[in-house]
Every structure is written in C-alpha cells, then in structure tokens.
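Number of protein chains: 2
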Amino acid sequence: LSSEKPHPLEEVFQPKSIAIVGASTSEPAIGWVARLLNFGYPGHLYPVNPRAAEISGLKAYPTVRDIPGPVDYAIFNIPARLAPQIMEDCVAKGVKVVHIYTAGFSEMGKEEGKKLEVQVAAIAKDGGVRVIGPNCMGLYYPAAGLTFNPTFSKEPGTVSFVSQTGAGAVRFVYLVNDRGIHFSKVISYGNAIDLDAPDFLEYLAGDVETEIIACYIEGVRDGRRFLEAIKKCLMTKPVIVLKAGLTESGAGAAASHTASLTGSASVWDAFFKQTGAIPANTLEEIADVILALLRMPCPKGRRVGIVGRGGGIGVIATDTCERAGLKVPPFLPETRRQLEEIVPEAGASVRNPVESARGISDAADFYDKGLKSVDADPQIDFILTHLAVDIYGGRQPDLQQQVVKAAEVLASTAQTLTKPIAAVLYAGEHLETIAAVLEARERLLKAGIPVYPTIEAAAKAISKLIEYHESAKRSKPAD
Amino acid sequence: LSSEKPHPLEEVFQPKSIAIVGASTSEPAIGWVARLLNFGYPGHLYPVNPRAAEISGLKAYPTVRDIPGPVDYAIFNIPARLAPQIMEDCVAKGVKVVHIYTAGFSEMGKEEGKKLEVQVAAIAKDGGVRVIGPNCMGLYYPAAGLTFNPTFSKEPGTVSFVSQTGAGAVRFVYLVNDRGIHFSKVISYGNAIDLDAPDFLEYLAGDVETEIIACYIEGVRDGRRFLEAIKKCLMTKPVIVLKAGLTESGAGAAASHTASLTGSASVWDAFFKQTGAIPANTLEEIADVILALLRMPCPKGRRVGIVGRGGGIGVIATDTCERAGLKVPPFLPETRRQLEEIVPEAGASVRNPVESARGISDAADFYDKGLKSVDADPQIDFILTHLAVDIYGGRQPDLQQQVVKAAEVLASTAQTLTKPIAAVLYAGEHLETIAAVLEARERLLKAGIPVYPTIEAAAKAISKLIEYHESAKRSKPAD
Chain A
1407 LSSEKPHPLE
1417 EVFQPKSIAI
1427 VGASTSEPAI
1437 GWVARLLNFG
1447 YPGHLYPVNP
1457 RAAEISGLKA
1467 YPTVRDIPGP
1477 VDYAIFNIPA
1487 RLAPQIMEDC
1497 VAKGVKVVHI
1507 YTAGFSEMGK
1517 EEGKKLEVQV
1527 AAIAKDGGVR
1537 VIGPNCMGLY
1547 YPAAGLTFNP
1557 TFSKEPGTVS
1567 FVSQTGAGAV
1577 RFVYLVNDRG
1587 IHFSKVISYG
1597 NAIDLDAPDF
1607 LEYLAGDVET
1617 EIIACYIEGV
1627 RDGRRFLEAI
1637 KKCLMTKPVI
1647 VLKAGLTESG
1657 AGAAASHTAS
1667 LTGSASVWDA
1677 FFKQTGAIPA
1687 NTLEEIADVI
1697 LALLRMPCPK
1707 GRRVGIVGRG
1717 GGIGVIATDT
1727 CERAGLKVPP
1737 FLPETRRQLE
1747 EIVPEAGASV
1757 RNPVESARGI
1767 SDAADFYDKG
1777 LKSVDADPQI
1787 DFILTHLAVD
1797 IYGGRQPDLQ
1807 QQVVKAAEVL
1817 ASTAQTLTKP
1827 IAAVLYAGEH
1837 LETIAAVLEA
1847 RERLLKAGIP
1857 VYPTIEAAAK
1867 AISKLIEYHE
1877 SAKRSKPAD
Chain B
1407 LSSEKPHPLE
1417 EVFQPKSIAI
1427 VGASTSEPAI
1437 GWVARLLNFG
1447 YPGHLYPVNP
1457 RAAEISGLKA
1467 YPTVRDIPGP
1477 VDYAIFNIPA
1487 RLAPQIMEDC
1497 VAKGVKVVHI
1507 YTAGFSEMGK
1517 EEGKKLEVQV
1527 AAIAKDGGVR
1537 VIGPNCMGLY
1547 YPAAGLTFNP
1557 TFSKEPGTVS
1567 FVSQTGAGAV
1577 RFVYLVNDRG
1587 IHFSKVISYG
1597 NAIDLDAPDF
1607 LEYLAGDVET
1617 EIIACYIEGV
1627 RDGRRFLEAI
1637 KKCLMTKPVI
1647 VLKAGLTESG
1657 AGAAASHTAS
1667 LTGSASVWDA
1677 FFKQTGAIPA
1687 NTLEEIADVI
1697 LALLRMPCPK
1707 GRRVGIVGRG
1717 GGIGVIATDT
1727 CERAGLKVPP
1737 FLPETRRQLE
1747 EIVPEAGASV
1757 RNPVESARGI
1767 SDAADFYDKG
1777 LKSVDADPQI
1787 DFILTHLAVD
1797 IYGGRQPDLQ
1807 QQVVKAAEVL
1817 ASTAQTLTKP
1827 IAAVLYAGEH
1837 LETIAAVLEA
1847 RERLLKAGIP
1857 VYPTIEAAAK
1867 AISKLIEYHE
1877 SAKRSKPAD
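Note that the protein sequences, when read in sequence, are chains A and B. So for the first sequence, my numbering puts the first residue at 1407; every next one is plus one. So for the second sequence, my numbering puts the first residue at 1407; every next one is plus one.
I should point out that these hints are in silico values taken from the structure, not numbers from a laboratory. Treat the hints with care, since some could be wrong.
To be verified - Result set (DMTMM-like, lysine to aspartate or glutamate): computed pairs, CA atoms no more than 20 Å apart in a straight line:
(1) K1516/A <-> E1746/B
(2) K1775/A <-> E1814/A
(3) K1733/A <-> E1654/B
(4) K1516/B <-> E1746/A
(5) K1520/A <-> E1746/B
(6) K1516/A <-> E1654/B
(7) K1516/A <-> E1747/B
As the list claims (entries may be wrong) - The calculated label-pair distances, taken between Cβ atoms and stated as ranges, are:
(8) A1878/A <-> E1740/B: 35 to 43 Å
(9) L1738/B <-> V1614/A: 48 to 56 Å
(10) E1845/A <-> D1774/B: 33 to 41 Å
(11) E1460/B <-> P1803/A: 21 to 29 Å
(12) E1845/B <-> E1561/A: 24 to 32 Å
(13) G1551/B <-> P1803/A: 51 to 59 Å
(14) G1731/A <-> R1630/B: 28 to 36 Å
Note that the coordinates shown come from a computational prediction; the quantities given were computed from them, not determined experimentally. Even glycine gets a Cβ: it sits at the ideal position worked out from N, Cα and C.
Build out the structure end to end from the sequences listed, making use of the hints.
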C-alpha cells in the first residue's frame, strides 16, 4: 500500500532551512532562533529582522527575500497586520511551508482579523505556500530537531499529537513525558487556514515513526474528510480523540478560541461509534490511555483482580472499576484458599479485592507470594494493584525506602506473571509521601508497568484500551 | 426542640474511664494504651492483660472484673473467640460501652464467625452493654482525647464521619485534614451488631459540635430508620453519603467486607432524591464537598467565571464545568472591554474563560487587576481560577516564590470580592512544582479559599454545594 512518491507533507516535517521572521532582539535567549539552535536543529537557520545584524550568533536579514540560500520553512513571529506583506515575501522567495505563530486573526471574533486571515490565506494559496496556523505553536518533532518549547525532551518516541490547541499541546507534552513516554510529532495547527487536522492525520496514518495518534480538535471544516482520515489511521494504529466544545458552554468557548463550529454531541457520538476512535474528555485522560496502550498487552477480557488495601477502600475500588466498565468477579475457591494462607490477618478479604497488606512492607511481601495465585485464577483477565502510600503519609521514618522496595518487588514479580498488570500509587498531599511515590513510580514505569494516580484513572484507561481492541477486532474479522 | 435529658449515646462519646482488654505487651509503644495516653485522653485508663503487671507505665489487670474503679468503656483487642467470655466480664463489671476492635466475625462469611457474633451480641444485650463493632476502629474524637490512630491531629473541628469502613476512615481523616479541615467525631462502627449508622446519625443530628455529617455505608438493616435519621440530620446540617456496593461487583465486595446487604441502585437513587443527602462516589469526593461547604458561601446560581490559562485548556475547562452541572456564559460586553485592557496579548480570550496570563507572574497581575471586573459581571455567580503550575514544571528558577506570590495576591484580592471564589492548582509530577503548589495551597486554604487539584474535582464539588442549598431551600419554602 505504501507508495514510492514522498508524501506532500514530507516538506513540512523535513525542512532543510528555516527562516525566523520577527526573530526576537529583546529576548534572543528565549526566542525561536535560540530555541531551535539549542534543540539541535541540524539545518540552516536564518533570523529575519530589519533592526538587527545578528541574533544568537547568526547573521540576521532584513527580509526573507534577502536570505542567500533556499528557504524551506518560515516561522512568523510578527504582528498579525504584517502577515500579508511577509507572506508575499515568502512567495517571492519560494518558501514551501509557513508556520504563522502569530495570533490576532479570525479567533478574535472581529472583522479586521477575519479579513486579514482571508487575505493571507489567498496569498499563500496563489503562491503555492503551505500554511500551519495562524494562532498556533507549530511543530515539535524531536527526531528532526524541531520544537516550539525550549524545555521539551529531545528524546524521540512513537506518539504523535494533532492539536488545535497550543497551550494544551505544551501541557500535553509534559503530561505524556511525565509518564515516561516520548513523541514522534506534535502539531499545533491553530486556525488551520490551509493545513488542517485531516492533512496531518493522513500523513501520520502512513508515518512509520508513529504508533499511536492523539488528536485535540474543536471543529472540523470538512467532516467527511476528517472521518475518512481517522478511519485510515485506525486501520493500522489507535487514535484517541478529545473533541472539545461538546457542551453548550464549551462550544462558545471554542468559537472564541479557534473560530470553530463545533458540531453537535450526537454527531460526535455517531462518529466515535462508527470509527472506533477512543474518546477522551481531558488531556490527562488521553495521556492515561496512551500509557495503557503502550505498556499493557490487551487483557483478554474486562475481569480485574484487585490487590491492595481492603475494607471500604476495596469496596470503593470495586465500584469504581465497575463504573468504568470493568468487572470484579470473586476468585475461585482454590485461589481464595491459597490467598488465605498468605493473608493471615482476620478481617482481610480474599474474595477479590484481596487485601494485600496493612503496611507497605506487607504489600511487598504479598506481591512476592500472592500475585502468582491471583494471576493463575481463570476468573481474572488482568491485575490492578493499589498502594495507599498516603495513609502512611510522612509518618514512617523509612517510608521512601519501603515504598521503593515494594515497587521493586512488584516490578520483578510482574516479569513472572502471565496476565497484564497495572499499578495505582496514592500519593496524598505530603511532600514525603509524594517524593516516595514519584521514586517508586519511576521504577515501575521503567519496568514497563503503567502507573496511575487513582483507581478511577486506571480503570477508565484500561477500559478504553479493551474497548479499542474489541472494536479493532470487530472491524477486522477476517484476520 | 432540644431536650434536657442527656442523649443515651452521651456515654459513648464521654467515657470517664476506659479499659483496654488485650493491651499489647509486644508493641506497647504503638498499642491502644499508649495511643490514648499520648493523645491526651483525660480519664482513667486500665490496661487489661493477664500476662502483664504494667503497660505503658499503667498498672495492668488480669481481667476487667479486677479493675478497682468503675469502667465506662472497654476496647477489645483480643482474638475473636475470647469475645464472649470478656463480654461476660464487662456485663459483670457494669461497663456501659464496648468497642470490639477485633475482626473475625460474620464478615468472614463462615458459620463459626457468624455464631460467635450472635453470641456476643446476645450477652451484651442481655447485660445492657452497648456495642460498637466488631471489626472496626471505633472513635476519633479529638475534643475528648479519643483516637484510634496515633498520628491523627489533636485539633478539633466541626465535621463528623459515620463509617462502616475502618481503613477508609483512616484515609478519610487524612484527606480532610490535608484540606485544612478538622473533625468533631469519627465513628468506625464495622459490623454493627448493636449500635448502627442510624444511632450515630440521630445523635449527630442534635450534636452542637457537628456542622457537617459525612457517612460511608455499605448496607443498612432498617432502611426506614436510616432514612428518618438522615432526614433529621438534614433539617439542620448537610449530610454527604457514600453508598458503597452500588455496582454488582461492589455489592459482592461489600458482602465480604461487612456482611452487608447493599440494596439496589434504584432504591438508593430514590433515597438521595427524597432526602436531599449529597451523594459521593469516593472518599476524595466527600472531602472535596466538605471543603466547598465550609469555605464557600453558596453561589446564587450555577454560572461560573473561569480565570486561567486559555486556549484549548480553557475550552476543556468549560466543557468540564458544564459536564459537572455548571454553566459558563459569556461575560457582558462591558466586562470584556475592561478585560481586553488588562489582557493585552493577541489571541487571549476575554469571553469566559478569560485568559489571565501565560506566565505565573502575569497570573498574579491579573488577580490584582482583572478579578474585580469578573466579580462585577452580573452574568456570573462565582469565580473559579486555575493555575497550570505544571506547565512551568521545574523549569523556572524562582517558581516557588512566584507561585506563592500569586496565591497571596489571589488571597488578598478575594477579600475584596462580592462573589464566592475557588481555586485550582495543577501540580504536575515534578517535586519542584508540587512543593510550590503545596505551599501556595496552604496559603489559600488559610485565607479561606477552597483549593482543588483539578477543575473536574472543583466543578463537581461546587455543583454539589449548589445542589444541596437548592434542595434545602425547596424543603423549607416557608423560611
């Protein structure tokens, strides 16, 4: 199915030279030029600013036209009103792609901004220049040395994000990186006067560097095309979609943000049913699903064995799992008999949830001895452990050591299990317990075990993982 | 309506002397005797243990019968099988209340435990002894020097918790304390062979030390009595109820935990509609609602003005608020004009949400200049600020200072506003940002501003606060 001809969007992601129009002279150290230089962009960088001779050690040019070599890509960091003139310059220079970082166009809800946007779009179209934006952050593509934020990780990964939000994209990168996961490409495309979500999605569908696609959208111009692009992606990889502006108030906010017509909730319901795209309501939810998709083999079913603090905490955990679409069936009698030998305390449940422990060292002990019994129970498709570190909050002298030890035992035991496993670590609000949890979390993530801050977050993410695989199986019955 | 006669449960909460039966000799430092001594229990404490002469510096007695003075209250920390004999001792001694901490009764799901429980209950009933438990933590009542956990705060407050879970009660105390709120009475009553939720609720309904009642229940024996007790409480104070075991899996887990018959979801739906009790699904949700009830005057309506990072983050915040039952209407044109002067950045929304700032110092600036305009808008009933500290995650040298400064400006500006306000601080997963957020949070909580970790948590809690007041108003139309 793959064609020999390069995809028309290759030039978006592989620019050999970039002009920064409106390169900052007041704060060059945090400007676009320094950002790309420090991030290791390997191509030619041309600062453009009529009032500077040099920026961040590079010769500056008064206009794009004055740049000696060819320019593949230009970033506009200029007042909106100057955009038409500079777009003319780019056309004259033969620039292939322009990223208009600048805001102040149609999203302002005023005639002036709308007119300006139409004008810039027309100049670009007539001149054969592709446009990302305006009102957006552009590209973060660590493998190519491209970034819109100086603090982002340089480590490349396999997740791509197509985003109609810029601030949200920044936050999303942190959320995902904090889960130990890295990015192939992040595209913040804003008002989309030319390149729109379907363009990027179609590209990512065939992108071998992308294993998972996430998408934040407020509105789409061509619903049919968007639907087809999502379907094409879903043929080979999971797609998570956060459709913002689905509520009445949210639709108003989206109109003000990117001038989007958001569409009705029922249309989008049908979209999710028809495509099998994974729906999410917050950026955290997307990041949580990605963690499950990348770190958990898909469970064979929805039946979870819950291991952790029991009593009411266990009952709440059970209700929470079922509300998220999971099942918590009782273990087989044989499993319970085995667990009763390991969990000697009176009052501790072995039914499912099984009460692993009252203290953290007991939890480690249970992971070592009891997880295999839970794993072997045919009533169970996967395991969810939860450790209420917050209950021991800053009140135990060797807390961090004990929590990390429990994580290490869990990580090594997980290697020996046959079923998928995920962990919840409750951190609480004390710096000591939080520090212990962050440390334990890192060990578990490194060992390939997904870690969630709450049972609710874990149950929702895993339920979506299962739903995705069920849907993918239904749409490919012949495989 | 208050009677002169003391409530029959006074003797539960005001014991002048306590016997600890089965006082620990192996770990006296963390046993019940040391726990109560260190917590400042002012009455007589009698360790009972036939194998010790002295425990934690107090003379120990072989049996309850051997104690010289009168004993109001006894705590059983003994194997379940010894409970009948010791209950006989308590009857003989004239003990008024026994708290059976011990587990291993009907909750084990075995004939032996059930029989033992019936036997102990009969002895107590015949002998006129009131029983808390078995299989429970008993009382935490800081004003009376009673606690079941050595690490709990000694500071008394006005929240009471009636709980069928012990581990959950420990966690709940931390959750609420972490929000800067303290307790009047916490009662973990377990299997409830005598004193049950309705007994405690009836007492708390008339308890002047209790302003808010929370309740975790798995099942009730006498549904009518429970309903009436909740109604009686609701006549004078809010009641939040976490009904656990409402899902099929959860009902099974609850049966195994406290041998409760949980009742159908539709029955409990009707219960919440009929009473006006505030429903919650997790302990965190209860704590969040309590924070709103205690720290926010009730907004006049559901219309929220959102102040924080804009763009897609603002659109998601808007959707999240509406999903929780709130409304995010556009500000009046006059308000927008005022906000436009304060928020000069192109692309920043002033519609609602208003984009306060791109950086943390800008947020402080906006709180100072812009909150008054939002507050004055008649379209808005209350304000929700959110600060994405996680976006600046450990990447800014003076982060903590800046975040704390923003909190201080918010706290002092809030004094000048006419409408209720709540704040969301996103902490992220880096110790630096978390430390900054914990510090800022404490300042805000001390200033009486409720702080939530996510917009979702804030929106849900405030929506429940409004619902409670609406329901209370409906049931008292004549006031």
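Quiz item: Falls inside 24 to 32 Å, the C-beta gap from E1845/B to E1561/A?
Solution: 31 Å Cβ-Cβ, so the 24 to 32 Å window holds.
Exercise. Could you check the hint for me, namely that E1460/B and P1803/A are 21 to 29 Å apart, CB to CB?
Key: 27 Å, holds
Quiz item: Given the hinted pair K1516/A and E1654/B, is their alpha-carbon gap at most 20 Å?
Solution: 54 Å, violated
Quiz item: Does the structure keep K1516/B and E1746/A at a Cα separation of 20 Å or less?
Solution: 13 Å, holds
Quiz item: Holds or violated: 48 to 56 Å for the Cβ distance of L1738/B and V1614/A?
Solution: 52 Å, holds
Quiz item: Given a hinted range of 33 to 41 Å, is it respected by the beta-carbon distance of E1845/A and D1774/B?
Solution: Holds, at about 38 Å.
Quiz item: Would the pair K1733/A and E1654/B pass a check requiring their Cα atoms to be no farther apart than 20 Å?
Solution: Distance of about 9 Å is within 20 Å: holds.
Quiz prompt | Given pair status - E1747/B, K1516/A, alpha carbons within 20 Å | solution = 16 Å, holds
Self-check item: Range agreement (Cβ of R1630/B with Cβ of G1731/A, hint 28 to 36 Å)
Solution: 34 Å, holds
Exercise. Below or equal to 20 Å on CA atoms is what counts here, so check K1516/A against E1746/B.
Key: 13 Å, holds
Quiz prompt | Holds or violated: K1520/A to E1746/B, with C-alpha atoms at most 20 Å apart | solution = Roughly 18 Å separates the two Cα atoms, so the pair holds.
Quiz item: Between G1551/B and P1803/A, is the Cβ distance one that fits in 51 to 59 Å?
Solution: Between G1551/B and P1803/A, where Cβ atoms are some 26 Å apart, the hint is violated.
Violated hints for the displayed structure, listed by number in ascending order: 6, 8 and 13.
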